[in-house]
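Using the sequences provided together with the hints, build the complete structure.
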Amino acid sequence: MKEPKDLTYGPGAPDMRAGVFSNIGDRIFRGVTLVFGAMIMTLVILMVAEMTRNSTLSFRQFGLGFLSHSEWDPVHERFGAWPFIYGTVVSSLLSLILAVPLSLGTAIFLAELARGKLSVAVAFLVELLAAIPSVTYGLWGIFVLAPFLRQYAEPALAAAFGFLPMFRGTPHGIDMLAGGLILAIMVTPIISAVTRDVLMAVPRTQREAALALGATRWEATKVALSYAKSGILGAVILGLGRALGETMAVTMVIGNRPQVSGSLFDPSYTMASVISNEFTEATSDLYRSALIEIGLLLFLVTIVVQSVARLLVWRVGRRLKEAKA
Amino acid sequence: MSAERGVLYRKWLDRMMLGMTTLCALIAIAVLLLILGYIAIRGASVLNWNLLTQLPKPIGETGGGIGNAIAGTLILIGLACLVGLPVGIFSGIYLAEFGHGRFGSTLRFLTDVLTGVPSIVIGIFAYTLLVLPMRRFSALAGGFALGVIMIPVVTRTTEEMMKLVPSTLREAALALGAPEWRAILGVVVRSAGTGIATGVMLAIARIAGETAPLLFTALGSRFWPRAIDEPAPALTLQIFNYATGPYEEWHRLAWAGTFVLVALILIINISVRWLTRNPYRTGH
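As given, the protein sequences belong to chains A and C, one line each in that order.
Here the first sequence stands for residues 224 to 548, where the numbers follow my numbering.
Here the second sequence stands for residues 1029 to 1312, where the numbers follow my numbering.
Among the clues, some could well be false.
To spell it out: a stretch of chain A is covered by chain C in this simulated footprint if at least three of its residues, at any positions, have a beta carbon under 8 Å from a beta carbon of chain C; those stretches are [stated by the list, open to error]: (1) 288–298; (2) 350–360; (3) 438–444; (4) 498–511; (5) 528–539.
Hints listed in this document are in silico derivations from the structure and should not be mistaken for laboratory results.
Glycine residues also receive a C-beta, built at the ideal position from the N, C-alpha and C atoms.
Here you go:
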C-alpha cells in the first residue's frame, strides 16, 4: 500500500510534525530515539578511532612494508603481515570457487524449480547452515573433515592431479584445503539465500516471454539469471566478506603456520586466525599493535567489500521495483 | 535462443542443468545433516546430568562438566542484552519513524556496516575500550562485545517490523487524541512486538554461538562466574579449548558442549520459524 505524499503521518511523509503538533512528550521521545541512533554512529567512529590509535606504534615502525613483508617474528619484534593476507585471500577465494556453483545451483532450485512447501522447507534447512556457530564447524572440521581429507580426499587428489603444484606435498588434513572447504560450507547459505531473493524478484514476465518463444525451462532460467546478474555478483561478494572475516572455524582447521605456499596441502594462517591465536600472548606493545593493525586492515577491507555488495544488491532491487511499477 | 541446436539436445540440456540444481540443493542439505548427525551422535552419547551441572575437573581426571560454561554463556547473553536491546530497539524506532532524512540513511548504512564487521574485530574494539583501561579481562567486556554484535540485528528487525504495521492503526490512535509518542510506543511498537521479539531471539541465538569476540574479553575460566569485572567462562570458549587440546576426555566434553549449544540455537531458530510461519506460498 502506498502512502499519498501529502499525509502528515507515516513513513515517507514530509516531516511537518515539529511545527504543527509539537508536544513536549513527542519532542522528548524523538530526542531519546535520536540519542540511541547516534550511539550506533558513535560506536562505528569510536571503533575506527580506537583501532587506528592502538595500531599507530606498528604503523610508525613498519610503514607500508607491513603489508608486504613475510617475516613474523615475535621474539625479535619484526612483523610483516603478508603470510596472513595471502592465507586470507587464498582461503576465501578457494571457498568461493567451491561455494558459488553450489549456492547458485541451490538458489536456482529454490527460486525456479521447487514450489510451495518444498521450496520453503529446503530454504529453511539451508539457512540453518548459517545458524550453526563457527566453533561447531571448527570442531567438526578437526574431528571429521580433516581425518577424511588426510586419509582419502587428499591422497586421491594428489594421485589424480599431482602434476599441478597446488595438489603436491604431504596430505596434512589440517591445511589450506580444509580451511577453504569449511569456509565454503559457511558462505553457501548466505550466497544462496541472497541469490534466491534476487531471482524471486525478477519479474515473471521475463521468464514467460522466453517460454512463449519456445525456450526450455533452463533457457528461461538463463534469462532470469542474466537479468539478475549484478545482484548475484553482490551475493557472491557478501559471501566473500563473510569468508574474509571468519575466525574460529578457520583457525581450528587451517594449521596456523605463517607461510606462503602454493600447495593446498600445506598449513596456512589467516589475518583473523593470527589475531585470535596470539592476541592474549602479545605481551609487548609493538606485538599487540601489529595484531591490531591486522585487525584494522581486516575491518577496512570488509567495510569496502560489504559496501560494494550492498550497493549491487540494492541497485538490482530498485531497478526491479521500477520495472514492476 | 539457439534455434540452430537440435531440440533433443536442448531438452537434454534442460533436464541435465535442472537436475544439477536439484543435486546442489541435496548436497547443501546433506552437509547440514552430516554435521548435525555427528553432533547428535557424539554429543548425546556423553551427555548426562553431572556434565551439565558440574565444574571441569583438573587435567587427567575423568568426569567433570560444563556447568560453569553454560552459566557463563547465560550471563554474557544477559549483559549483551543490556547493551544491545535499548540501543537496537530505540534506534530501530528512530529509523522507522524519523529516519527519512540524510541522518537516517547514514545511520542505516552504518548499521549495515556494523553487521558486516568481523566479530574478531569487535573483540579487539571491546579490548581496547574496556580491557585496557580496566587492566583486566572481564565478563563486562565480553558482554559488551556481544551486545555490539546484537545491535544491528535488533535495529534492522525493529525498523522492518514497525514499517509493516498499517498506518491506519497509528492514525486511529492519533485521532483519539493520543500524542504521537504514545501512538508509537503504545500502538505501533506493541503491534510490531512479536516481530521484534523474534528478531531479538535470533540475535540471541547468533551471539550465543560467538567465540572470537570473547577470546580476549571474557577470556574464559575454570570456575563458576562470580563478578562482572572478572573473567567469565563461556560455552563456546570451552568448546574451543577442549577441541584444540590434546586429551581424549576434553574432546568428549567438546562434543557434549557443542550438542548443548547447537540444540539451544536450533530450538530458538525452529521455534521462531514456527511462530512466524506464513501461509504465503512462495511458488510462482
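Taking the hints in turn, this is what the structure says about them:
1. 288–298: Coverage by chain C is violated for the stretch 288–298 of chain A (0 residues, Cβ < 8 Å).
2. 350–360: holds (count 9)
3. 438–444: Since 6 is at least three, the answer is holds.
4. 498–511: holds (count 4)
5. 528–539: holds (count 4)
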